[in-house]
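Chains as they are written, first to last, in our numbering: chain A, 168 to 885; chain B, 16 to 245; chain C, 32 to 482.
Don't read these hints as lab results, they were simulated from the structure. Computed from a prediction, not measured in an experiment: that's the story for all the values here. In this text, a Cβ means the ideal position worked out from N, Cα and C, and glycines have one as well. Any given hint could be a false lead.
What the hints assert, rightly or not - If we take Cβ atoms under 8 Å as the criterion, some of the chain B residues that face chain A in the derived model are: (1) 137; (2) 146; (3) 198.
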Amino acid sequence: MDRRDFIKLTAVTGTSATLASCGNSEHQLIRFVPDEDLVPGVAEWKPGVCPLCAAGCGLSVRVMEADVETVRNGQAGVVKMGVAKKLEGQAGHPISQGGLCARGQAAIQVTYHPDRLAHPLKRSGARGAGELKEVTWDEAIAELVGHLDALAAAQDQKSLAFLTRPRRGRRLALAAEFLNRFGAPAPVPFELFGEEVLRRANAISFGHEQLPTFDLARSRFVIAFGADFLGTWNSPVAQNAAYGAMRQGRPGQRGAFVQVESRMSLTGANADQWVPVKPGTDGVLALGLAHVMLSNKLRPADAAGRAGAAIDGWSGGLADYTPARVEQVTGVSAKRVDRLARELVELGPAVAMIGGAPLAHTNGLFHALAVNALNGLLGAVGQPGGVFFTPGFQPSVPGPQVPSPQALQNLSAKVLLVDDVNPVFGAPKAWKVREALAKIPFIASFSSFLDETSSLADLILPDHSFLESWVDSTPESGALEAVTTVAGPVMKPLYQTRATADVLIEVAGKLKSPIALPWKTAEEVAKSQPPAPSPQSPPAARSPERLALRKYSEPVFDGDAAQYPFHFLPYMSQQFGDGSTAHLPWLQEMPDPLTSAMWSSWVEINPQTAERLEIAQGDLVDITSPHGVVRAPAMIFPGVAPDVIAMPVGQGHETFTRYASNRGVNPIGILAPATDAETGALAWAATRVKIARAGGGNGSLIMFAGEMREHPHEHETR
Amino acid sequence: MPHKWGMAVDLDRCTGCGACVTACHAENNIPTVGPAQAARGRAMHWLRVERYWEGDFPDVRLTFRPVMCQHCDAAPCEPVCPTYASHHTDEGLNAQVYNRCIGTRYCANACPYSVRFFDFFNPQWPKPLHLQLNPDVSVREVGVMEKCTFCVQRIRAVEIDAKAEKRELKDGDVKPACVQGCSARALVFGDLNDPESEVSRLSRSPRGSKLLEDVGTLPKVTYLERQTQV
Amino acid sequence: MSEASARKLGDDLLRPLLRTSWRFYALVAFLGSIVLTGLCTWAYQVYNGFGITGINNPIFWAFYITNFVFWIGISHAGTLISAILRLVNAGWRRPVTRCAEVITVFALMIGALFPIIHLGRPWLFFWLIPYPSNRQIWPNFRSPLVWDFFAINTYLTGSVLFLVLPMIPDFALVRDKATGVRQKVYAALALGWQGTPKQWHRLESAMSIMAIAIIPVAVSVHTIVSFDFSMAPVPMWHSTMFGPYFVAGAIFSGIAGLIVAMAALRKFLHLEEYLHPVHFQNLGKLLLLMSLLWSYFVFAERLTIWYGNESSEVAVLNVTQKGSFAPLYWTMVVCNFVVPFFIMSIKRLRTIAGCVIASFCVLIGMWLERFLIVVPSLGHKYLPYAWGTYRPRPVEIIITMSTFAAMTLLYTLFSKFVPIISIWEMKAGEHPSPALFPAATREHALGETHA
Ligand SMILES: Nc1nc2c(c(=O)[nH]1)N[C@H]1C(S)=C(S)[C@@H](COP(=O)(O)OP(=O)(O)OC[C@H]3O[C@@H](n4cnc5c(=O)[nH]c(N)nc54)[C@H](O)[C@@H]3O)O[C@H]1N2
Ligand code: SF4
Ligand code: SF4
Ligand code: SF4
Ligand code: SF4
Ligand code: SF4
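Whole structure, please, built from the sequences with the hints as guidance.
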C-alpha cells in the first residue's frame, strides 16, 4: 500500500471525547491503519549506512513496531509502523565488521531528534532572525524553481552555487550532474578537517589521490604521526578492528606501536611509546628515521621508489637529517631517533601513518611526503602489514576537494544551495563566510536542523533522515577491497520531509527549460554505480611540477612567538567530530575518553604551564590569537606539551538545537586563515595564542570522573 | 548445568573509544540527565571507560579500563538489599528487579566498583526521542537503582530462540550491546561453565586478573592486562 | 516526708500540667510551624523526586542517614542511662530518669523516620516490614536494614514501656487532682492504679526486669546501626570496632542531649529545686568519661588505618584529616574532645553553664562525626575515577532543622501533659519505704540546694 493512501480508519471516540473535554480538540487521536506487516514485539534487521563521517560504516538497523504520532495527508494521528530501535555494525561489512564508533551508535538520534525540521520552511523575518513559517512542498519547490528560472532567464546560470560536504556518495553525483546541465559551476565542498594534503601527497608519492588504508592486522610495528586513527581519523571503526587484531589477534605476536604528536590523542594513549614533537616538524623526524636507515644501510635508498624521489636530498642519503639535527628541530633525542629507526626495520613489517595536525601546517605537504617516503623505504607500500589504496575508488565529483577561503568568499552566487554542511560554524571567522553568505540574495538549505548556516537560509527543504531514505556510500579507504554500500529506507518518514535527491530531480523537471537527469528517483540515484574508474594515469604525466623535490621549510605560525607563546591545537572531538554531531544528547553526555568531560568545552593545559600561570582545573581561561579570543574552562592535561594549548572542536554552536546551542565555545573562531603552501588547504594547526586566567570556575566544566590518577596520593608524594 | 555468564575485557585491545558506552545507552534505555544534573554527579553510565594518567610529561601514559557491573559471585550489593531487588540468578547474573527496589541505595554503597546508578528523577525523552527506546528493556522510574544487566534481554532472547529451535546455545550466540559494538573486539562475553568458550579461555589467561580481587567479591569479569612493547 | 513538702512537690511538678501561659502557645506555634515546614519540604521532595537533594552518584547517603544515626544515638540518653542508674541504685538519678527516658522515645521516633525519608520510593516503605507480601516475598533477613527494623522497633517498644510503667502512679496522682475531661483522660491512663502494695510490688518487679532487659537492647540497637556501615566493604566503614565505637558515641551524645534538656527544663519549668548542680556535675563526669572513651576509639581507628596504609582507606583518611573535609573533622575534634575535656576536668568550670556549653559542643561534634563517617568514605571508594563529593541542598537542611524542632516540640508537649519528674519516685526518695527504693542520700534531700 502506498503510504499516501492511508485511510483514516477510526476516530477513537472515547479518547477524543476525553481529550476534547480537556479543551484539546486538536489532540484528537486518529489511528491510521498500519501498512506494514511487522509482528509486534518481533524485531527485523535492515541494512543501512552510517552518515556521520566519510568512513561509510555499514549498519544493521533493528526495526520494531511502535506507535508513532505523525501527520498523514494533513491529518495528525497515530500510526503503528516499523521504527528503528538500534543501530549496530553490520557483521561482515568490510568497513564496520560488526562494530561502530560512539557516533555511529548515537546516529539514531539524528532521526528522532526533537528539534528536527518537520516540514519546509520559508524565511519570514530578517535573515538569521529565526522567523520561519511553514510552507507546503509545492510552494517550496515553486519558490526554488522560480529563482533558478530567473537565473536562466538572465542567462546567469553561473550564479548558481552548491555548497556541500565532500564525498557524499551518489547524491553528490546527482548534484554535480544537475549543476553541470544547468550550466552552473561544480559543487563547492567544505570540510574543516579535510585531508586534501594527504591525498595530494599520495598522488605524488604513489599515484593515488586517495586516503590510505592500513593493513594493521598484519603489521608488527606501527609509527603514526599525528593520525588519531583509533579516534576520529580516516576510518576509525575499521582501524580499531585492525588494531585489536594487531595487538592480540596473533598468538605470541603483538604488534608494537609508536605515536608521534604534541598532544596525546586517544590513539596516542594506546601507544607503547608516545613521542612528543614540536608542532610542524613531524616530517623531519620521519626523514631522520630514513637517514638512520640509509646511512646504516638498513634499507636500500631505491626501496622508496617514486615516494623517495619526491624528497630533496633522498639520493644523497638525506645528509641534512642526521639524528643530531632532528633532535634540534623536533625535540626528539638523537638516541631515540636512532633506536626507533632500528626498531622499525627489525620489528617489521612496519608501517608509518600520518594525518591530522602535522598536515595542517604551512608545510603540511612536506610531512606527508616524508612519511610516504619512509613507508616506501620500509617496503610497506602494498605489502602485508603495510599501506594500501582501496581499489576502484572514484570521488563522486571530480575536481578540487579543497575547501579554500577563496572558494567560499568568492561565492559570487545569486542562488546558493547548501547540502549538509555548516561552514558558518566550521570555517575560521577570518574567512568571513557569514559575510559572504549575507551577500547572496537567495539561499536554500536541505538541512534537517537549524544550524548556523541553515538559519541564514531563505528556504529550507528538509531532507529525510538517513534511516528514511535511500543511502549509499563508496568509502575511499578502510578496506583492502572495493566497497559500495547501498541501502533502502528502514522506516517510513516521520515528518513531511523529502529526500534531497528527489527534490533536485523534481526541481530539474519543473524548470522552464527542464533538465533531463539520468535518474527518476532517489532510489535510482543511490543504486546507480559510479562510472568505471578511468585507468589512472601516472600523476607525473598529469602534472609534472608535482614531482619537484621537497625541501623542509620551517612551519610558519600566525602570531608573533614573543607575544603569543603557545601553539594552538584545535582537534577533532571523539564525540562531535567537526561539530556536526554536537546536537545528539548521547554524545553530549558521553564522557570524553581522555578527560571525562561532558556537555562542556575546555582548554587543555600542561600541568607545569598551568602552575606557572596559576591556573587551576576549571578556572576560566582566555585564549587569544591575533584573530580573536575565546574563553573556556581549564583542563589540566598531563599529555600536552608545555608550549601547546589544545581544544576540542565541536561545541560553541550559536544555534544547533536545544542540546548544542550556546554550549561551550568554538575554537575555530580564532584560527588564522593560514594555508598549506602547496595545496591551499587550511592550516588549522598554525595559529599561535596567548592564555591568561580570566577568573575562577563558573561550573561550566562538567566531568564524569573524580580523579585523574589511579593512585593520586602516590603521585602527590613522588 | 546452567550457564554462568561472564565477560573478558582485553585491555590490550581496548582503545578507550567509548563506543561501548553509547551502545549500552542505546540498548538499555539509559536516560540522558542533561548538563545541570550531570554537573551534580547524576550522569548514568552503566558502563564507563575509566582513564588514569601515569607519570608526567613527556613520560606520560594513559590507561583505559571499561568498568561495568562485575556480576560478582559474592556480590556485596545483594545481601544488603532489604527487598531482594538486587539478587543472584541461577545463571550467575546479578539481577536488578526495578519493581522491587524501594531506593535505599544501600546496594550502591556496598558495591566496591561504584557501578550502580540511581534514578534521581523520572527519565525524560522529549518526543520523538522516545521512539529509540528498546521495548525489551523496562524504563526505570524515579527512586530506583539501575545498573548493567549483562544485557539480560539479549541473553533471554537467544535462549528462547534456541529452545524454540530445539538447539543448544553456541559460544558467541549472546552478544551484549557493548560487546557487539566494540570494533576492537576488546570485550568477549560467554558461558564460563563451558570450558571451551572464548570467555573461559581468556579468563584463564596469564594476563587475566579480576578488578579489586582482594575485596573478595568473586567478579565474573576478567581484565586481561595491557602489555608493553617487547 | 512532711505533708507540706509533699504538697509542694506535687504543686511544683504538676504546675506545668495545670497552668498554661501564652508562652507555651507561642513556643508550640513556633516549633510547630518549623515542623510543618519540614513536612511540606518532605512532601515536596517526594513529589519532585529525590533529585532535589544533594545526594549524587558516589554519595548515595548523606544528611538523612547522618540524622538517622545521630538521633538513634541521642536516644541512648534515656533508657540506657536511666536503666544503668536504676540498676546501680544511684540515688541522684530520681529527678533525671523520666526526662531522660522521654528523650529516648522521641529521638527514636524521629530517627526511625529517616530511613523512610531517605527512600527513593518512600511510598513503598512497608516493603521493609517483615510480612509475606501477596507473592509470598519476605524482606531479606540478611540485610542490615531489616535488622534495623527489628532493633529499632524492639528498642522503641521497650523504651515506651520503660517510660510509661513508672508514669502510672503519677497519672493516678493527676487523676486525683484534676477535674473534668482531664480527670477522665488521666483516669484512663492510670489504669486503675490504687497504690496497693501488690501494685507497687508488681511495678517494681517490672521495672527491675525492664532495666536489665533494656540494656542489651540498647547496646544492640546502635551496634546494628553501626552494622549498616561495617557490613559493607567500603573503605573505613568495614571495621570491627564500629559496634562499640557507635555505642560509645551514642551514649556520649545521649548524655549531652540529656544535659541540654535538663538545663532547659530547669530554667523554663522552674525546677531549680529538683535539678541541682550536682546532677549536672555527675552527668558532666559521665560526659568526660565518654569523651575520653570516644577519643580513644577515634584515635585507635585512625592510627591503625594510617599505620596499615591500605591505599583505599588512606584516601578516605587523608580527605578527612587534611583534605576537603578537614575543617569539619577538626571542628569535630574540638567539639568532642578539646572542649568537654577542658570544661569537665576543671572543677571550677563544671557548672551548669559549663556542662551545657560542653554538651552543645558534643551535640555538634557528634553530628559531624556521623556525617564524617558517612560521606567521605562514599566519596572515596576503591576506584578513584568514581570519586565524588557532596554538597547538601536546601531540602536536606530544612528537614534536618525541622527534626530538631520536632524534638523540642514533642518534649514541650510531653512536659505539658506528664510530670517531667517522677513525683512518686521523688517522694519515695524522701521516704525510707517501700524498701525496694533506696533513700535519697543527704545531699539529694528535697529542697536543699548544693553547690
Ligand atoms: N493487559 C491486558 N493484556 C491483554 C488482555 C487484557 O485483557 N489485558 N487481553 C489479551 C487478549 S484476550 C487479546 S485477544 C490480546 C489482544 O491484543 P492485540 O491483538 O494487540 O489487540 P489490540 O490492542 O486491540 O491491537 C490491535 C491493533 O491492531 C490494529 N488494527 C485495527 N484494525 C486493523 C486492521 O484492519 N488491520 C491491521 N493490520 N491492524 C488493525 C490497531 O491499530 C491496534 O493497535 O490482548 C491480550 N493481552
Ligand atoms: S566511523 Fe563512526 S561515524 Fe564514521 S561512519 Fe563509521 S560509525 Fe559512522
Ligand atoms: S568499545 Fe571496545 S575499544 Fe572502545 S572503549 Fe569500549 S571496550 Fe574499549
Ligand atoms: S559489581 Fe557491584 S553491582 Fe555488580 S554484582 Fe558486584 S557488587 Fe553488585
Ligand atoms: S536501592 Fe533498591 S536494590 Fe538497592 S538495596 Fe535498596 S531496595 Fe535494594
Ligand atoms: S553488558 Fe549490556 S548492560 Fe552491561 S555494560 Fe554491556 S551493554 Fe551495558
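Against the structure, the hints:
no.: 1; hint: 137; in the structure: violated, 16 Å
no.: 2; hint: 146; in the structure: holds, 5 Å
no.: 3; hint: 198; in the structure: holds, 3 Å
The structure fails to meet hint 1 from the earlier list, while all remaining hints are met.
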